[in-house]
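Residue numbers (the numbering used here), protein chains in the order written: chain A, 1 to 419; chain B, 1 to 419.
Treat the hints with care, since some could be wrong.
With a straight-line Cα cutoff of 20 angstroms, these simulated DMTMM-like cross-link-like pairs (lysine to aspartate or glutamate) come out [as the list claims (entries may be wrong)]:
| # | chain 1 | residue 1 | chain 2 | residue 2 |
| --- | --- | --- | --- | --- |
| 1 | A | Lys265 | A | Glu246 |
| 2 | B | Lys415 | B | Asp350 |
| 3 | A | Lys391 | B | Glu101 |
| 4 | B | Lys200 | A | Asp74 |
| 5 | B | Lys192 | A | Asp74 |
One-sided and incomplete, this derived list gives chain A residues near chain B with beta-carbon spacing under 8 angstroms [unchecked claim]:
| # | residue |
| --- | --- |
| 6 | Asp14 |
| 7 | Ala39 |
| 8 | Asp48 |
| 9 | Asp74 |
| 10 | Glu191 |
| 11 | Phe194 |
| 12 | Gly286 |
| 13 | His290 |
| 14 | Ser299 |
| 15 | Leu347 |
The hints are simulated quantities; they were obtained by calculation from the structure and are not laboratory data. Quick reminder that beta carbons are idealized off the backbone N, C-alpha and C, glycines included.
Listed below are the residues making up each chain.
There are 2 protein chains.
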Amino acid sequence: MKIGFLIIASEVLDGKITDLNTSIFASFLRSHHLEINKAITVRDRAEDILQGLATLFEDSDVIVTSGGLGPTRDDITKETLGNFMGRKLEFSPAAVEVAEENYQRFSRTFPGREHGYAYLPEGFTPLSNSTGFAPGLTTSHRDRTFLSGPGVPREFRSMLEDHLVPILKRLRRSDEVLGHFIVRTKNVPEEKIFSEVDPKLWDQLEAFGEVSSLPILMGVDIGVKLTAPTAAEFEEKSTALRSLFEASPLKPHIWGFGRESLEEKIVRRATEQGLRFGFAESASGGLCSHRITTVPGSSRCFQGSVVCYDESVKQSLLGVSEETLKTYTPVSAEASREMAAGLARLLKLDVAISVTGYAGPTGGDDGTSVGTVYVGRAVRGELSAHVYHLKGDREVLKQRFSQAALYALLEEVEKIAEG
Amino acid sequence: MKIGFLIIASEVLDGKITDLNTSIFASFLRSHHLEINKAITVRDRAEDILQGLATLFEDSDVIVTSGGLGPTRDDITKETLGNFMGRKLEFSPAAVEVAEENYQRFSRTFPGREHGYAYLPEGFTPLSNSTGFAPGLTTSHRDRTFLSGPGVPREFRSMLEDHLVPILKRLRRSDEVLGHFIVRTKNVPEEKIFSEVDPKLWDQLEAFGEVSSLPILMGVDIGVKLTAPTAAEFEEKSTALRSLFEASPLKPHIWGFGRESLEEKIVRRATEQGLRFGFAESASGGLCSHRITTVPGSSRCFQGSVVCYDESVKQSLLGVSEETLKTYTPVSAEASREMAAGLARLLKLDVAISVTGYAGPTGGDDGTSVGTVYVGRAVRGELSAHVYHLKGDREVLKQRFSQAALYALLEEVEKIAEG
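Extracted from the complex, chain A is given alone in its bound form:
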């Protein structure tokens, strides 16, 4: 089954927002062992939408669109889909019913016939929206199935969950299982993995399926696309792949298997061990804490943090000594150790991680360059610090600083787990 995705969003092509719906749609399809074949982003202009539809029509069985279903005049998806199929807009009692339900959910009254939501192209079915006002749409046209959802990510997601599942079940032709075996590595450049660390690896992996190598924040994800006629055979292939990696010289660089994120793994492992941790964040500015608290259940192990942006906070709250700040500057191994130690004391933590560095645009008065960061560790009384020299603009550096801190945290949690 080939699935095409049309993103109707001038705001994405104008850079006002980043498209999140492709990733939402891809994750949704993955859980149903399917994938997006091609995605096209067009402006909210009839001519462009028609062209996009025509392109996807050529090689898709299912065409999903996002955006342009709202109440304002720049929302023209419905009319344009109708034009594409030669169908006229008409009053739809079913659409009124769905709109009324959507409005009731938010304790508001649907204006009725006068509202644009009351009209649909002939033969279109309105779809209830469990998280917003605008109804979705579905129809069939020349053997293709169409589904349109709103552009707001939350609404688009609920539209897929509420309405696409039965459509896919109906269309599904085989029980083939499709999935990705993913290996997460750190501290080795992409290029070296397959040339120096394990030159045979790529060929070995390719025997299982399409191989991909994806540089991410301070690491590389290696993926192998697996297909199998049954779930049991899929499992078998996964086990064989896992053994291959366990035996590879790449092993010391692997920090995880599968889609579990770094944050999720830290929370899971720390909770298993009953550990309490937190961060003393200067240069990462709260990002470490934010990343950890995206994980449901993080409150079981994450106690809290101090974002010590100003020097006075490092001193008064974390007890970093004035002498250290003067002699070594706040961006130093000494300061990072004192920050971690101070936080561990203050919040009674098993593991405290500190981050102090220069995210730019300017570095230190002493010539320390932008991108320099110290990650300090206080683990049950033992202090240590590592320095990293990273590249990027302020946003990228904050991401990398937090990544270095989370790698450090996972390392310490795993060390404690291993006793």
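Please arrange chain B on chain A, whose structure you already have, making use of the hints.
Same frame as chain A, now just chain B:
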């Protein structure tokens, strides 16, 4: 000039990463008064890349691609572009030179002739990469200009900045100025803006250019696309539009004009007033601090925060009383006021904002539902609190909680500024 963008990235269609390059490319073009006409995302498969190129070829003057230039075998952009134009891969001394430079920048040695980077399709020019290893590419083919950059956002961005500017200058046919006039509103649903608050507004705006309405986090951005033959005439139109909004009943909902972000505006205004602020973050988990510290220069006004995830931290560090926590629970107006007051005292702040709520998946034991959040304010000794009942999953709720907190902060900063 029509610009097409081909994103070569299976990882985007598989939902492993979110595409950031469209937004980077759009922002880059905007600063040159240009825009992306259409974007297509395809898998790293020759057949799909060829189809994408063919579609863009139809109606583009410039075709930019991102991705597939790396050193591993799944990187096939170069070969496929060559095939599309019927050009063969050949050894390129210029490519070796560029690759050598890229490697030297990272203190590594380019392996030379044996490396894939040493080969280019006939007639292609290699482009130096100031932030990574893989060289970019450019060429012309049947009146279209092609430029290919790496998929890593940082490298893609530097490729545009280093190499696309002269190409655009050469191609540019007129001096027309294109830009967007943007108005940022809050606390009013999209639908009501143009039907109840100001029913004449849309027509008035449309007289200036294409109008768009974009719901964002707890607000709506209204955009008007302006074009003008000269910069002066562009400025004139902007001024007229601004007056129109200043006189509209929508005015009380407008928190800003233009692309300045909420975070940037807060930092600018607080710095102008010499104010010191910080956050006591429970349910937002560090996100308020992270958002503020993305702004260069935020250290001039942002002092620091306490992420008080565990109750013990609320008590020991912020001095929230045990009685308050017992009588009212930690998610209450009382607790939020004490959190803000405690933080203001601890860090000596002019404005302290606190956030306490339920981001899910579970709500309070007392039946308080997921999405409930209290934002407390301590402003030079005066305490207040507001409650919000928001919707969404954990990630969306954290974003909305932080948005409510930042709106509150801006409000207080503006109040102080107005004396």
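Verification of the supplied hints:
1. A:Lys265 / A:Glu246: This hinted pair holds, its Cα atoms lying about 19 angstroms apart.
2. B:Lys415 / B:Asp350: Distance of about 12 angstroms is within 20 angstroms: holds.
3. A:Lys391 / B:Glu101: holds (17 angstroms)
4. B:Lys200 / A:Asp74: holds (15 angstroms)
5. B:Lys192 / A:Asp74: holds (15 angstroms)
6. Asp14: Result: holds, 6 angstroms to nearest chain B Cβ.
7. Ala39: holds (4 angstroms)
8. Asp48: This interface hint holds because 7 angstroms falls under the 8 angstroms limit.
9. Asp74: holds (5 angstroms)
10. Glu191: holds (5 angstroms)
11. Phe194: holds (6 angstroms)
12. Gly286: holds (3 angstroms)
13. His290: holds (4 angstroms)
14. Ser299: With a minimum Cβ separation of about 6 angstroms from chain B (threshold 8 angstroms), the hint on serine 299 of chain A holds.
15. Leu347: holds (6 angstroms)
In summary, the structure agrees with every hint in the numbered list given earlier.
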